[in-house]
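Going down the list, the sequences are from chains B and E.
Under our numbering, the first residue of the first sequence is numbered 1, with each subsequent residue one higher.
Under our numbering, the first residue of the second sequence is numbered 1, with each subsequent residue one higher.
You can take every hint at face value.
In silico lysine-lysine, DSSO-like type, Cα no more than 27 Å apart, as pairs:
1. K102/E to K71/B
2. K102/E to K68/B
3. K42/B to K102/E
4. K9/E to K42/B
5. K102/E to K58/B
6. K102/E to K22/B
7. K57/E to K42/B
No lab work stands behind these hints: they were computed from the structure.
No experiment lies behind these values; they were computed from the predicted model shown.
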Amino acid sequence: GENVEQHPSTLSVQEGDSAVIKCTYSDSASNYFPWYKQELGKRPQLIIDIRSNVGEKKDQRIAVTLNKTAKHFSLHITETQPEDSAVYFCAASLPYSSASKIIFGSGTRLSIRP
Amino acid sequence: DSGVTQTPKHLITATGQRVTLRCSPRSGDLSVYWYQQSLDQGLQFLIQYYNGEERAKGNILERFSAQQFPDLHSELNLSSLELGDSALYFCASSSPGTGPEKLFFGSGTQLSVL
Numbered sequence: 001g002e003n004v005e006q007h008p009s010t011l012s013v014q015e016g017d018s019a020v021i022k023c024t025y026s027d028s029a030s031n032y033f034p035w036y037k038q039e040l041g042k043r044p045q046l047i048i049d050i051r052s053n054v055g056e057k058k059d060q061r062i063a064v065t066l067n068k069t070a071k072h073f074s075l076h077i078t079e080t081q082p083e084d085s086a087v088y089f090c091a092a093s094l095p096y097s098s099a100s101k102i103i104f105g106s107g108t109r110l111s112i113r114p
Numbered sequence: 001d002s003g004v005t006q007t008p009k010h011l012i013t014a015t016g017q018r019v020t021l022r023c024s025p026r027s028g029d030l031s032v033y034w035y036q037q038s039l040d041q042g043l044q045f046l047i048q049y050y051n052g053e054e055r056a057k058g059n060i061l062e063r064f065s066a067q068q069f070p071d072l073h074s075e076l077n078l079s080s081l082e083l084g085d086s087a088l089y090f091c092a093s094s095s096p097g098t099g100p101e102k103l104f105f106g107s108g109t110q111l112s113v114l
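Given only the sequences and the hints, what does the whole structure look like? Please build it.
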């Protein structure tokens, strides 16, 4: 089955700098890659997602890139702010499958230093 | 607010006891998913219900069971509780559409088994 590995497990960056979180997946048939943000004590929330027919997607300070050949995808946060501090989960899913098939990475705890 | 409602927010109980967690999905969503998140761990998929029927099973223990009622709310029953069952339990809902299903999480139930 699908396996998603996420690195690093913890990341600390200076406010205003960029942060990058990387994930790899094992099943080349996966075609949907969402990212969830979970603030301390809160629910996971979908912040951005990408499908395999797209190489990059941006939403303000957040961008996700996908390399299908290498089977890895990354989350990029630019001009980091204190409210970016959270745990970020990447995930992968097979086509035409229910959300029960979404496989999550183990999470990255991002801390923004003032 | 995701529109997914979970109760109670906190639950403290003793080993060997049984508890019931409740979830109401977003209006119009037919699927309900249950996830377990242990301390500093990722999201472990437990079970999915779709329109009252069990659709998919993940790493759910035999001591745990769930159901979805005609009004689409769902309950997760945890019995013979052990210390290791202490975790944050999330419910999520989704609706099938033309694209990948997106998960909308409730705010979770923090279960503490003492």
